[in-house]
Each structure stands twice: as structure tokens, then as C-alpha cells.
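2 protein chains.
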Amino acid sequence: MVKAKIYVQLKASVLDPQGKAVTTSLHAIGYERVADTRISKYIEIIFDETDLAAVDTQVHSICDKLLANPNTEHYHFELETME
Amino acid sequence: MVKAKIYVQLKASVLDPQGKAVTTSLHAIGYERVADTRISKYIEIIFDETDLAAVDTQVHSICDKLLANPNTEHYHFELETME
Numbered sequence: 001m002v003k004a005k006i007y008v009q010l011k012a013s014v015l016d017p018q019g020k021a022v023t024t025s026l027h028a029i030g031y032e033r034v035a036d037t038r039i040s041k042y043i044e045i046i047f048d049e050t051d052l053a054a055v056d057t058q059v060h061s062i063c064d065k066l067l068a069n070p071n072t073e074h075y076h077f078e079l080e081t082m083e
Numbered sequence: 101m102v103k104a105k106i107y108v109q110l111k112a113s114v115l116d117p118q119g120k121a122v123t124t125s126l127h128a129i130g131y132e133r134v135a136d137t138r139i140s141k142y143i144e145i146i147f148d149e150t151d152l153a154a155v156d157t158q159v160h161s162i163c164d165k166l167l168a169n170p171n172t173e174h175y176h177f178e179l180e181t182m183e
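Chain order of the listed sequences is A and B.
Take 1 as the starting number for the first sequence in our numbering and just add one per residue.
Take 101 as the starting number for the second sequence in our numbering and just add one per residue.
Keep in mind the hints are simulated off the structure, nothing from the lab.
Misleading hints may appear alongside valid ones.
Unchecked claim - With beta-carbon atoms standing in for the labels, derived distance ranges:
id	chain 1	residue 1	chain 2	residue 2	range
1	B	Thr172	A	Ser25	18 to 24 Å
2	B	His160	A	Met1	30 to 36 Å
3	A	Asp56	B	Ser125	19 to 25 Å
4	B	Met182	A	Ser61	32 to 38 Å
5	A	Asp51	B	Ala154	44 to 50 Å
6	A	Ala35	B	Ser113	33 to 39 Å
In this text, a Cβ means the ideal position worked out from N, Cα and C, and glycines have one as well.
Start from the sequences, fold in the hints, and give me the full structure.
This is the structure:
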């Protein structure tokens with residue numbers, strides 16, 4: 001089994017309204033040292049597969065086809081072999 | 101400046117319908133080796149602060165008060181000093 005830990009984040013140039021809302025809320029309840037907040041997706045996929053290279057190829061294609069919007073988001077991931 | 105990298109995840113005992121939907125979609129488009137998918141939030145908060153202990157305390161309290169639902173979610177985080 002292999003676990004893929006995938007981060008799908010808005011590109012730095014894209015406004016994150018959900019993050020701005022959290023920053024505003026945090027200022028309102030007294031956390032004035034908060035300068036910025038960015039909210040992203042973190043996705044774990046477990047593969048019934050032992051070949052890391054095969055999983056690497058599949059995760060790239062899954063992100064391109066389903067998980068990330070290439071216009072506004074980028075992704076990166078790590079693979080971890082599970083016992 | 102300190103960056104907090106915060107993971108807010110559903111507890112293992114809580115059903116993740118969004119993750120199940122992704123698993124089903126992936127099977128439908130041919131990724132049959134996908135065994136499970138869990139979708140979580142990954143939040144980066146930048147603090148205008150240099151004291152790591154002060155940020156650590158604030159992040160715990162921000163997660164408890166705003167970011168995580170203690171009934172269904174748990175969180176963990178890492179802190180990173182930025183140049």
C-alpha cells in the first residue's frame with residue numbers, strides 16, 4: 001500500500017476569499033498579529049499498489065484530471081510506503 | 101514572521117462523503133487501485149511575530165475557537181520561521 005499526500009493550493013496570484021474571511025475573523029477576535037491566511041485542500045489517497053513509480057504517474061494524472069484546476073491551482077505531493 | 105502549517109482532518113471514525121465521492125469517481129475513470137481517499141483542510145497562517153512559543157499558543161487557540169470542529173475533526177500543525 002502507498003499513501004499519497006497531496007496538497008492542492010491556489011496560485012499565489014489568485015485571491016483567496018475564504019482565507020481573507022478567516023484573517024478578518026481572527027483580527028475581530030483579537031489575533032492582531034495574523035498577517036495572512038491561505039486555505040488549501042489536503043488529500044490523502046491510499047493505493048493498493050507497491051510500485052512507487054506507478055503511483056507517482058497515477059497521482060500526477062489524477063491531479064491533472066480531477067483534483068486541481070490548472071487555471072487557478074497548483075499541486076504537489078509526497079508518497080509514503082505503508083506497512 | 102512565522103508560518104503555521106495547519107492540518108484540519110476528519111477523525112478516522114467520521115465518514116468522509118467527499119472523499120468517498122472522489123474514490124468512486126476515480127474508480128469510474130479507471131484508477132482501480134485507489135483504496136481510499138480522505139479530504140482535509142490545509143491552512144497556512146502567517147504571523148507578524150518572531151516568538152515561536154507565542155505563535156504556538158495562538159495557533160492552538162485559533163484551531164479550538166475557529167478552524168476545527170472538536171466533535172468531528174482533529175488538527176495538528178508545524179511552525180516555520182520565515183526570513
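Going down the list of hints, with the structure as the test:
| no. | hint | verdict |
| --- | --- | --- |
| 1 | Thr172/B x Ser25/A: 18 to 24 Å | 20 Å, holds |
| 2 | His160/B x Met1/A: 30 to 36 Å | 32 Å, holds |
| 3 | Asp56/A x Ser125/B: 19 to 25 Å | 20 Å, holds |
| 4 | Met182/B x Ser61/A: 32 to 38 Å | 33 Å, holds |
| 5 | Asp51/A x Ala154/B: 44 to 50 Å | 46 Å, holds |
| 6 | Ala35/A x Ser113/B: 33 to 39 Å | 36 Å, holds |
Going down the numbered hints, you'll see the structure goes against none, and every one checks out.
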